[in-house]
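Protein chains in written order, with this note's numbering: chain A, 922 to 1282; chain B, 922 to 1282; chain C, 922 to 1282; chain D, 922 to 1282.
It is worth saying that the hints were derived from the structure and are not from the lab.
Just to be clear, a hint being listed does not mean it is correct.
The list makes no distinction among identical chains, and a pair is therefore deemed to hold if it is satisfied within one copy or across any two copies.
[As the list claims (entries may be wrong)] Below 30 Å or equal to it, Euclidean Cα-Cα: the simulated BS3-like pairs (lysine-lysine) are: (1) 1001 with 1254; (2) 1024 with 1001; (3) 1139 with 1024; (4) 1139 with 1001; (5) 932 with 970; (6) 1132 with 1254; (7) 1001 with 1030; (8) 992 with 1030; (9) 970 with 1254; (10) 1049 with 932.
There are 4 protein chains.
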Amino acid sequence: MHTAAVLYGAKDLRLEEVETPDLQPHEVLIAPRATGICGTDLHYYQNGKNGVFTIHEPLILGHEAAGEVVKIGSAVTNIKTGDRIAVEPQLSCSSCAHCRRGKYNLCAKMRFNGSASASPPAQGSLQKLWAHAAHLCYPLPDNVTFAEGSMVEPLSVALHSVRKANLTAGQSVFIIGAGAIGLLCARVARISGASSIVMADIDDARLNFAKQHGLADKTYRLPLGGQEGGARAEFATRVSSEIQSALSVNRADVAFECTGVESCLNTCIGMANHGSKIVVVGMGQPLQEINLGLALVREIEIVAVWRYTNTFQAAIELISTGMVDVRSLITHKFDMENIRDALEMALSRPADLVKCVLLSE
Amino acid sequence: MHTAAVLYGAKDLRLEEVETPDLQPHEVLIAPRATGICGTDLHYYQNGKNGVFTIHEPLILGHEAAGEVVKIGSAVTNIKTGDRIAVEPQLSCSSCAHCRRGKYNLCAKMRFNGSASASPPAQGSLQKLWAHAAHLCYPLPDNVTFAEGSMVEPLSVALHSVRKANLTAGQSVFIIGAGAIGLLCARVARISGASSIVMADIDDARLNFAKQHGLADKTYRLPLGGQEGGARAEFATRVSSEIQSALSVNRADVAFECTGVESCLNTCIGMANHGSKIVVVGMGQPLQEINLGLALVREIEIVAVWRYTNTFQAAIELISTGMVDVRSLITHKFDMENIRDALEMALSRPADLVKCVLLSE
Amino acid sequence: MHTAAVLYGAKDLRLEEVETPDLQPHEVLIAPRATGICGTDLHYYQNGKNGVFTIHEPLILGHEAAGEVVKIGSAVTNIKTGDRIAVEPQLSCSSCAHCRRGKYNLCAKMRFNGSASASPPAQGSLQKLWAHAAHLCYPLPDNVTFAEGSMVEPLSVALHSVRKANLTAGQSVFIIGAGAIGLLCARVARISGASSIVMADIDDARLNFAKQHGLADKTYRLPLGGQEGGARAEFATRVSSEIQSALSVNRADVAFECTGVESCLNTCIGMANHGSKIVVVGMGQPLQEINLGLALVREIEIVAVWRYTNTFQAAIELISTGMVDVRSLITHKFDMENIRDALEMALSRPADLVKCVLLSE
Amino acid sequence: MHTAAVLYGAKDLRLEEVETPDLQPHEVLIAPRATGICGTDLHYYQNGKNGVFTIHEPLILGHEAAGEVVKIGSAVTNIKTGDRIAVEPQLSCSSCAHCRRGKYNLCAKMRFNGSASASPPAQGSLQKLWAHAAHLCYPLPDNVTFAEGSMVEPLSVALHSVRKANLTAGQSVFIIGAGAIGLLCARVARISGASSIVMADIDDARLNFAKQHGLADKTYRLPLGGQEGGARAEFATRVSSEIQSALSVNRADVAFECTGVESCLNTCIGMANHGSKIVVVGMGQPLQEINLGLALVREIEIVAVWRYTNTFQAAIELISTGMVDVRSLITHKFDMENIRDALEMALSRPADLVKCVLLSE
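Bound conformation, chain A alone (with noise of 0.2 Å):
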């Protein structure tokens, strides 16, 4: 038996005493050390539901994870007791077609810890010890902490999405939201080549944070009405247009859609040089009124990501290099025991919150 930090519905927390599961040979135990809280964890907490996925079994959150190893199963080879470790949190079945050609992230059969969408959930990492897949585990330098490992998973996403743009040196980007996932897309984005890097946001606090972190070149804060409807396409390339003459920058050769939002993506097609890409990470409505009609006579490709795949490995080099400071984007920190207070700060939106992380000695 040992602690978890378990939801059983809207804002219905319980830390309470839940079974330690028998270690399979392939798996190890993990004491988790520090977990990142993410949008999908505050829709779980604040609603019971996640877009389309609804608590019906307890679930124990926690994907953003970085933990100790503190047994190892009988057939484990990779990783030893004591181990530093990030922990990849998408277990696939590793034998489809999907899961064969390396595009896992795509697998039917899917169990993504801290989330309702299998049943029963694979439960995640906010919780005293916690068995997982040994090969889903990746040690983690001495000079990355805890907390520094917790964001390897966020930045996956971001590797993953610019992998995704085929961006080269000397390209220019436009990313659109400016939250943590944009922000290291813009950080992936840097270091994979761009030189120019211009982001948008609604909230001039994250655009100050992204150019005081050298994150951004140049930053627009986007007026509101296009997030209330109203104009919709003309809206947004309106915006796109004063974009590029506010900021005297030309269109861009790679785009990426961090918010969700409909008149977001519009933007980005606005934003986007003929023959470009636009990379959409942000999950919002799913039906969305696109000008199809730009992106076609501009032969823009709209190209969808869905978490990543093969990416916790060279996550790790970034950090440890120093290629990518992860450290700058944790504003926030709290006891594990704390959790509730977490979520509670997270869901008040403060201006000054990135990213929140949740340690456990």
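Please build the complex by placing chains B, C and D on the supplied structure of chain A, with the hints as guidance.
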């Protein structure tokens, strides 16, 4: 002076004498022998405009053309008088960044023949004599007729579209829209390795044509609701489920949208496998309400195509070797003098019309 | 206990009783019905070794196999008893970085059946009962025979090779080596869009076979000098010039090297267009003196291929739909009991041999 | 008439008056301000030839150039008098199949400046006035000096090479050869995401330069044997093992061969991970004995590069933003009048020479 079919506005087509231009050093003078009629020609003829482009100056239509070279400019070396040629109707600047990287279809200075997009317009092939850049003229082998040569242009659209799909042998394909472009996409997909091709359309005659000519393995007649709006995305999702169950097929590795209709693009999303590509060939309403949520969880790439690049030589090979039979798609032929009859016939949309070609001796 | 053809060393092949292994939960027990013989089998039989791999433990050959499932393990869901299947003979670890990114053919823990590369060896299909991982078994449609099913493996090599070539419709192909793999590459290249296929070989019978079966458009019988060294690269350059002039062909957009012979790779470089790819399928002497200078000024990519990945399902589709006719390549059949006769026949290299398949009821 | 440094043959360099050509409509007249010297210049100067190209007509060297526009042709719109520019020295035909698909570096009619490859040669920048195609002139931002501008050309080689590598963030890189091109490849690889860069060379001074300027993370001084032949491939395999053990590094995801030496290419094969790419930048002996066997089992792609395409604008961005510091690579400067001294100095190969630039006011 020579005779041309000059369009002055909606339905105002006049066969009249026009000035024969002086031949520039890198140009050839062509006697057009065959010109195909496509949807954009019909838009200009019926409405005096095509999308955002309105006829302000007299316009000579014709961009699907083959002919005979009657004179060559002083600097021409790749073509000689008497050559039978297919004509690529897009003259780009050849020195801008798009042209230099091989995406000359995106050139801002593009002069597309038979279109009101430039001013003065780049005139088309519906005239007795036609001056054109020599490097855009491709000799036809003896076994390719002028009528077949006029099909090189629409075949180019299909070839460009299939190239964008990165199709490999043994993959499955879904095509919505069984007009000339959809049928050509089907054929190019087949010879590019597609082992299963499903076509859908609202028109039984077109689907029968596709099956009789071995272009589709299975066909599905679409219900009409989606075109009229209504349930929209839900409609498309239901249709795609019905296609799968009615035809006993799985979702496709690649989908081609060849209608320009919103519900058809959503049907493509419903019919597209995880990790697949949807190539958007059809152009319709600029704003379309897309099921982006489904595209995201399936990590689908939505690839817009705009005309074509570097297709003519390859397309001629495909016709000459018999790999693509374009002859059977030419369902209607008219003498060039009877162009008005041809356009009116095409506007009446007879059930058996795939492609109408105007011939001239 | 069941009967197996066990190879103890050079020419020391014994039909004897071996232990039938206990079936693991994810395994199936197969009664092999057809097994093709390939060059590596002959190397093991004749020399007791294949390249760097020597037989140290008794080895059961057979990696081109189809059979019938006679029993399934407790966890198997994708296959049922009685299924007719083709068998992918490469069991990888499925959790290393190579496996995870879809390049499982490069897995360091690969257990390839019928090969002495692992210890103990992963035994092959030349036995009455054969246990194998269920996820590597692919059901055969009713219209695909066991003999054809045994061709899925060599067809996989060709399919993998052509995928690496990024061939598009209307391109030209040069293939050197008209053995089973070269012929299959020709066929897969054709159905992937190649509009011109030139094949070269030192053997007239093979070239005739290629022409008679429509696999090559033009053929060229190679002179023998290059194989013996001598002028080497100069020889190859001269040969490639002679091919172009004798056959009136241009250099190719893609070349396939299917012999493993140094002068043939250099002939490919001579026959390859600027900006083209040469796919190296054949394996011969490790050290080869390559005309790198010519490859550089033509900016050619030399793409090595190693076995295949994710090919079996697609290859079965290609056979089932008739797009690839493998039946005509099976020029010799033997009963499994007469395996020694089959191997000796194959070693004698009769002019009409393309593929020999061993059958078992 | 204006002064030019005209090379008549080996060591026969004359500063003399030459005819100033009439300016064509699409040309500009340039006053070259900075010209870098590279290895091919030295070959022409020392031997009167470079590879297969011999000086038959007087040749003006200089293809790494920046200058000031003093006059523009009647049709020029992208450049104006007084502009400070970097000059792309490759004028292609712009209408052949290679040019049209964006691979204009492969144009058969290429006129490369300062090279004896065309007849009459396309003269280079080592003269007081130089006429050149306007579309190959790229304005320099104010913060880029002429000397830095002359580095855009060698940086282009590196940028083209790294683009070919499809590098993504967090990958490891091995570079053999720490001359100007190798060092630039290192820098472009770093800003394209390489998290680990190992450089090897026979020269300690070069390796120290690489480390001191942060271009390499680890360096290895190569033993001399391989350059002299001898054990050849075995030597290279042993060296690559020693590099891995001495530096505690794994094999690399991408390798760059920047020497043109056979044993160095084989060392790259030894140092390259399974499924990786080796980009061959260096040009040396045409025939090289390659460890193809090792490349095959590792499924390595050997990617030749020839000059560059579409790099100048991006390279200028990289210099202007400070992402690539080219200033520190310019270790030697001479006045253009002292060109002979500069060439003799460069021929003496001083230990501290990376790049020598000739300046002119």
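Outcome of the hint check:
1. In the homo-oligomer, the alpha carbons of residue 1001 and residue 1254 lie at most 30 Å apart inside one protomer (28 Å), although the nearest pairing across protomers, at 53 Å, exceeds that limit.
2. Proximity of residue 1024 and residue 1001 under a CA criterion of 30 Å is satisfied in both settings, with 28 Å inside one chain copy and 26 Å between copies.
3. For a Cα distance limit of 30 Å, the shortest separation of residue 1139 from residue 1024 across copies, 29 Å, qualifies, whereas the shortest one inside one copy, 35 Å, does not.
4. For the homomeric pair residue 1139 and residue 1001, the shortest alpha-carbon distance between copies (28 Å) is at most 30 Å, but the shortest distance inside one copy (46 Å) is not.
5. When the C-alpha separation of residue 932 and residue 970 is checked against a cutoff of 30 Å, the pair qualifies only within one copy, where the shortest distance is 11 Å, while the shortest distance between copies is 58 Å.
6. Taking identical chains as interchangeable, the C-alpha atoms of residue 1132 and residue 1254 lie at most 30 Å apart only when both belong to the same chain, with a minimum of 23 Å there against 38 Å between chains.
7. In this assembly of identical chains, residue 1001 and residue 1030 lie within 30 Å of each other by CA distance both inside one copy and across copies; the values are 28 Å within and 20 Å between.
8. Taking the shortest Cα distances, residue 992 and residue 1030 sit within 30 Å of each other both inside one copy (26 Å) and across copies (25 Å).
9. Taking the closest pair of Cα atoms, residue 970 and residue 1254 come within 30 Å of each other only inside a single copy of the chain (25 Å); across copies the shortest separation is 61 Å, beyond that limit.
10. In this assembly of identical chains, residue 1049 and residue 932 lie within 30 Å of each other by CA distance solely inside one copy; the values are 21 Å within and 62 Å between copies.
Consistency with the previously given hints is maintained throughout, with no hint failing.
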